[in-house]
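Trainee: Two chains, two frames, some hints: make the complex.
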Amino acid sequence: MKLAFVVQRYGLEINGGAELHCRWVVEHMKKFCDVEVLTTQAYDYITWKNHFPEGEEMVNGICVRRFPVIRSRDPERFGRIQNHIVDNEHTFDDELKWLEEEGPLVPALIEYIKDHENDYDYFLFFSYRYYHSYWGINALPHKSILVPTAEHDSIIHLSLFKDLFRKPRAFIYNSVEEKNRINAISQNQDILGDVVGVGTEIHEKFFPDEFRQKYGINGDYVIYVGRIDENKGCAQLFQYFQKFKQDHATDVKLVLIGSSKLNIPAHPDIIHLGFLSEEDKFSGLDGALMLMMPSFYESLSMVTLEAWAMGKPVLANGQCEVLKGQCKRSNAGLYYRSYFEFEEALRLLLHTPKLRDAMGKNGKEFFQQHYTWDVIENKYLSILDQLEKEK
Amino acid sequence: MGDENNNKNEKIKIDYENVDVEDIMDQIKKKKASQPRISESELPAQPSYTSTQAPAPLQPEGPSGKKAKIKNVMLKLFKPITPIIKFLVLPVHQELKDTIQNLYAANQRIDLLERHVDENFNQIRQKLDEVNQATISRLEELNRVREYTQLIHNLSHNIVVELTKLKIEQENLKLKTRIMEKDFEFLGKREKTLESKVFG
Numbered sequence: 058m059k060l061a062f063v064v065q066r067y068g069l070e071i072n073g074g075a076e077l078h079c080r081w082v083v084e085h086m087k088k089f090c091d092v093e094v095l096t097t098q099a100y101d102y103i104t105w106k107n108h109f110p111e112g113e114e115m116v117n118g119i120c121v122r123r124f125p126v127i128r129s130r131d132p133e134r135f136g137r138i139q140n141h142i143v144d145n146e147h148t149f150d151d152e153l154k155w156l157e158e159e160g161p162l163v164p165a166l167i168e169y170i171k172d173h174e175n176d177y178d179y180f181l182f183f184s185y186r187y188y189h190s191y192w193g194i195n196a197l198p199h200k201s202i203l204v205p206t207a208e209h210d211s212i213i214h215l216s217l218f219k220d221l222f223r224k225p226r227a228f229i230y231n232s233v234e235e236k237n238r239i240n241a242i243s244q245n246q247d248i249l250g251d252v253v254g255v256g257t258e259i260h261e262k263f264f265p266d267e268f269r270q271k272y273g274i275n276g277d278y279v280i281y282v283g284r285i286d287e288n289k290g291c292a293q294l295f296q297y298f299q300k301f302k303q304d305h306a307t308d309v310k311l312v313l314i315g316s317s318k319l320n321i322p323a324h325p326d327i328i329h330l331g332f333l334s335e336e337d338k339f340s341g342l343d344g345a346l347m348l349m350m351p352s353f354y355e356s357l358s359m360v361t362l363e364a365w366a367m368g369k370p371v372l373a374n375g376q377c378e379v380l381k382g383q384c385k386r387s388n389a390g391l392y393y394r395s396y397f398e399f400e401e402a403l404r405l406l407l408h409t410p411k412l413r414d415a416m417g418k419n420g421k422e423f424f425q426q427h428y429t430w431d432v433i434e435n436k437y438l439s440i441l442d443q444l445e446k447e448k
Numbered sequence: 002m003g004d005e006n007n008n009k010n011e012k013i014k015i016d017y018e019n020v021d022v023e024d025i026m027d028q029i030k031k032k033k034a035s036q037p038r039i040s041e042s043e044l045p046a047q048p049s050y051t052s053t054q055a056p057a058p059l060q061p062e063g064p065s066g067k068k069a070k071i072k073n074v075m076l077k078l079f080k081p082i083t084p085i086i087k088f089l090v091l092p093v094h095q096e097l098k099d100t101i102q103n104l105y106a107a108n109q110r111i112d113l114l115e116r117h118v119d120e121n122f123n124q125i126r127q128k129l130d131e132v133n134q135a136t137i138s139r140l141e142e143l144n145r146v147r148e149y150t151q152l153i154h155n156l157s158h159n160i161v162v163e164l165t166k167l168k169i170e171q172e173n174l175k176l177k178t179r180i181m182e183k184d185f186e187f188l189g190k191r192e193k194t195l196e197s198k199v200f201g
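Sequence order for the protein chains is A and B.
With this note's numbering, you'll find the first sequence wraps up at 448, consecutive numbering, no jumps.
With this note's numbering, you'll find the second sequence wraps up at 201, consecutive numbering, no jumps.
Source of the hints: derived by calculation from the structure; they are not laboratory data.
The structure displayed is predicted, hence computed values, not measured ones.
We treat Cβ as the ideally placed atom computed from N, Cα and C, and that holds for glycine.
Errors might be hidden in some of the hints.
Taking beta-carbon pairs under 7 Å as the criterion, some of the chain B residues facing chain A (in silico) [what the hints assert, rightly or not]:
id: 1; residue: V22
id: 2; residue: E23
id: 3; residue: I29
id: 4; residue: K33
id: 5; residue: V199
id: 6; residue: F200
Over the 12 Å line for every Cβ pair with chain A, so calculated as not near, a few chain B residues [stated by the list, open to error]:
id: 7; residue: D24
id: 8; residue: I111
id: 9; residue: L129
id: 10; residue: Q151
id: 11; residue: N159
id: 12; residue: F187
id: 13; residue: L188
id: 14; residue: R191
id: 15; residue: L195
id: 16; residue: E196
Under the rule of at most 20 Å between Cα atoms (straight-line distance), these lysine to aspartate or glutamate pairs were calculated in the EDC-like manner [to be verified]:
id: 17; chain 1: A; residue 1: K418; chain 2: B; residue 2: E131
id: 18; chain 1: A; residue 1: K418; chain 2: B; residue 2: D24
id: 19; chain 1: B; residue 1: K14; chain 2: A; residue 2: E400
id: 20; chain 1: A; residue 1: K421; chain 2: B; residue 2: D27
id: 21; chain 1: A; residue 1: K106; chain 2: A; residue 2: E133
id: 22; chain 1: B; residue 1: K33; chain 2: A; residue 2: D304
id: 23; chain 1: A; residue 1: K411; chain 2: A; residue 2: D343
id: 24; chain 1: B; residue 1: K30; chain 2: A; residue 2: E400
id: 25; chain 1: B; residue 1: K12; chain 2: A; residue 2: E133
id: 26; chain 1: A; residue 1: K59; chain 2: A; residue 2: E445
id: 27; chain 1: A; residue 1: K385; chain 2: B; residue 2: E96
id: 28; chain 1: A; residue 1: K385; chain 2: B; residue 2: E163
id: 29; chain 1: B; residue 1: K32; chain 2: A; residue 2: E398
id: 30; chain 1: A; residue 1: K88; chain 2: A; residue 2: E434
id: 31; chain 1: A; residue 1: K302; chain 2: A; residue 2: E335
id: 32; chain 1: A; residue 1: K302; chain 2: A; residue 2: D277
id: 33; chain 1: B; residue 1: K14; chain 2: A; residue 2: D414
id: 34; chain 1: B; residue 1: K33; chain 2: A; residue 2: E400
Bound conformation, chain B alone (with noise of 0.2 Å):
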């Protein structure tokens, strides 16, 4: 077990002076992703703390009491036609016998199977309507956000329109203030010009 572990522990180098619990982590997870994988479902289950057993069927009594010691008289007074008896008697009686065991073992688990139905017919009927309730409540939520991902939709759709206008209008804007600075240009130009002729 030690040299087992300490071969194991050959992987995972330690500076013990200098403990660095990040990197141990690391190499624990590097460790891991090279090995294959243990699934939860591989770990013991919590112990089930009841159990339900079905009740053992009842056994048919084959003939007993007088009934038996009538018998046992008329085998010894048929005793000459024995072989013949237990040909017909016999074989009768037992597959009577496996019969009506089978046919009461079947009748115990059908009832049974019937009493588990009842029992749980309620409960089944609940949870179908809780996940129904479930569904129809999850369903309106969806629709509420469906609809409230349209008006969204539908808004941004009308901001990019308007940006657009708004983009337009100014480059119109600024076409209109290049038009007045070169008219503001011209003017200035002229009204040199004017001045020069009118005082020079």
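Only chain A is shown next, with the shape it has when bound in the complex (with noise of 0.2 Å):
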């Protein structure tokens, strides 16, 4: 069987979200298929400029083919048609418009797959929301798998992608919440899907004592990893951590792994270490007492599985489903809506040991029942197996 993945970008040097989800399942089921990436030239997801040589590249072991982005984006012109399109009345031109402008615009892709349709057994098109997975689903949608990667935002209910969500052959999706939702816009119940989302793999030593003495961190720390954004609730959660410092005497630090594109505030306790080696966020996140994971849309949260993986409790953002929905589910995380209910979740995961622990455990227990790449592997397999005996 030869399957194709085909994403918005692809490379090592990709690190984070729907682009590195793919990378992780594609070195996975080499195991399994041959298999193959079509992605774009593009490097930074704004602009989608291209960066990467055209053609064929190895990944890793993997052969990656890449066509140009026949024109770059222009944010603020982007930013002015998605707010025309999501506040006003429109047509579904106007729709087909926005899609181009969100790009990565690569009509070349589109080509390569309709014209080596036979070349492979099925296409698995990775974010529902680009260009590619939109023209390549309706290129061949008989042999189309989508993972979706939606978030909970506005875009999702366009007209557009209503269509779209009726044509795959079948869904892989990153959470209950994520498929609930779809299957609301679409009602496309009976298409074949299952939730699975990405497995993920831990580091077998941690170094949590060496880890503090590299970066001069004593006492009791809670732990942030990921993007410093606006967008993934970084500046509520440093309202939040400054007030519960000023309302209790705790020495706890928050401690924050990752690039920052916020002001940090300048506050003692607060401990900003940059971008890490993922030995330093393994060894720093063991030494944590929890995973602080404000942001406010997820498709799945891949370090929030790593924290459970590690045993650590997590608190969340209520205020997006997905975390709110797998809190519920490992029994392994708390949540909040307002700073009240930060307060008590923080207060009660610092000062009770023995909820943590508990928290911990039920963690590692989810991690291990539902996100072993084993587990992971399988369903995907298992999906391909029903799409085989249906032809």
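Mentor: Below, the structure is given as structure tokens:
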């Protein structure tokens, strides 16, 4: 069986989101099938500017075919068009125009898919909202599998996608909430689909003491790992944490790992370490009391799964349906929708080691049950088997 | 601190063997409902990274150099009548000095205000234009929606009228069907009577 994974960006340099999710799945599915990646030359997800060379390239032993983006995205123009689409009555043509602006505009990739239909058994499209998924699935719906990686934003309600969600042969969802949302929008319950998500690999050895020494961290700390951005809820987290520190005599620190696009308050107990190696990241997580996950929009949150895999509880933003759902299903994390809930939940977790241990244990079990690579690979294979039987 | 939290924790019951996140969150929500609200405005604001400071007003100088020497010589010469000079000159100078200082400060403040207005005038005008444009487009949109609603209203009205007509028509047809049934019944009976008379 030969599979083509179609994704907006691909490369070892890209270390987050649907692209990393895709790379990990590709590298694991390589054991069972012939796999190839069809993608663009883009590296920057804001402008889609061509960065990688055109043509074939081997990345970790996988053939990657890159196609040129014929027009970069102008963020300002795109913002205007998106606001118009979201706030006003509009036509289907307006939505197509939006999709073209959303990009990445790679007509050569779509032509390749049409011309090489018979070279592949199935095409797995990652991220529903981009040009390649919409036109790729429309070109070959009978060979398409969609991994939507959908977040809870207004774009998903465009009529463009209502039709799109009825076309692929199968769906691979990231969470129950994502599945329910897409089912509700397009009534596509009859299409084969399963909640799969993505696995993760945890380093075997951690060095929390060395981590503390290296970065000069003393005492208890909670940790945030990821891009430090307003969209990720970090501004709210800083506000809430500072208020918590004002109200409670506690030494707990907030350690931040990741590149920052936000002004981090100059507070002695908010420590920003920047972008760290995987080893340091896991050592940091291991030494933390819990993971803070303040994001408003998440399709899955790999770092939350990593925290659970390491037996750490999570304090998540309850305004993100997926995080809230995951906390409830795993019984391994609390969530907040206001400062009061944040204060109560954080206080409870900080001062109840027994609760932290119990939640950590639950998290580990939840991860073992749903997110180890064996489980993920089997779910992918089971969907492919079912499609083969329907042939 | 520990005791205080333990006391607070007593209100939230947790079964550590079988943790139920939903139950814990329900208890937190109930607790929240029973306590006074904390508004978001009470939270620390994000730090502001820009600041503008008004330049300090310049101080007018008092007499100095040659003027001061002449003044001292004159004061020595007129020492006998110093009290009169002091009475006549110094208060006037002090008053003049204070007045100049005040005027200078006022002038500086006016300059500063003028500069601020100049700097922000275009911005204010631009913002007002934007608000104006947004209002116009919103009004246009509202008009469109109103027309659309009116259209739907008319359409609904027409549908109701048509449905009423159809209902009346249906009743008439039912009535006619019933009359025809009775006619058929009557004709059937008549047929049987005639048959019995002819063949009986």
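Trainee: K385 of chain A and E163 of chain B: Cα distance at most 20 Å?
Mentor: violated (53 Å)
Trainee: Is the Cα-Cα distance between K418 of chain A and E131 of chain B 20 Å or less?
Mentor: Given that 20 Å is the threshold and the Cα spacing comes to 55 Å, the pair is violated.
Trainee: Please check whether the beta-carbon of D24 of chain B is more than 12 Å away from every beta-carbon in chain A.
Mentor: Given a closest Cβ separation of 10 Å, the condition is violated.
Trainee: Minimum C-beta separation from L195 of chain B to chain A exceeding 12 Å: can you confirm that?
Mentor: Given that every Cβ of chain A is farther than 12 Å from that of L195 of chain B, nearest at about 64 Å, it holds.
Trainee: Just to be careful, I want the Cα atoms of K14 of chain B and E400 of chain A compared with a cutoff of 20 Å; is the pair within it?
Mentor: holds (17 Å)
Trainee: Has the given pair, K385 of chain A with E96 of chain B, been kept, meaning a C-alpha gap of at most 20 Å?
Mentor: violated (78 Å)
Trainee: Are all C-beta atoms of chain A more than 12 Å from that of N159 of chain B?
Mentor: Fine: 23 Å to the nearest Cβ keeps N159 of chain B off the interface.
Trainee: Identify whether the interface hint at V199 of chain B stands, where standing means a beta carbon of chain A within less than 7 Å of its own.
Mentor: Nearest chain A Cβ about 68 Å off; hint violated.
Trainee: Can you confirm whether the C-alpha distance between K302 of chain A and E335 of chain A stays at or below 20 Å?
Mentor: violated (29 Å)
Trainee: Verify the proposed pairing of K418 of chain A with D24 of chain B, using a straight-line Cα cut of 20 Å.
Mentor: Given pair K418 of chain A, D24 of chain B holds - Cα atoms ~18 Å apart, limit 20 Å.
Trainee: For the hint on V22 of chain B, does the least C-beta distance to chain A fall short of 7 Å?
Mentor: holds (5 Å)
Trainee: Would you check the hint for K14 of chain B and D414 of chain A, treating anything up to 20 Å between C-alpha atoms as holding?
Mentor: Within the cut-off at roughly 16 Å; holds.
Comparing the model with each earlier hint shows violations of hints 5, 6, 7, 17, 20, 25, 27, 28 and 31; every other hint is respected.
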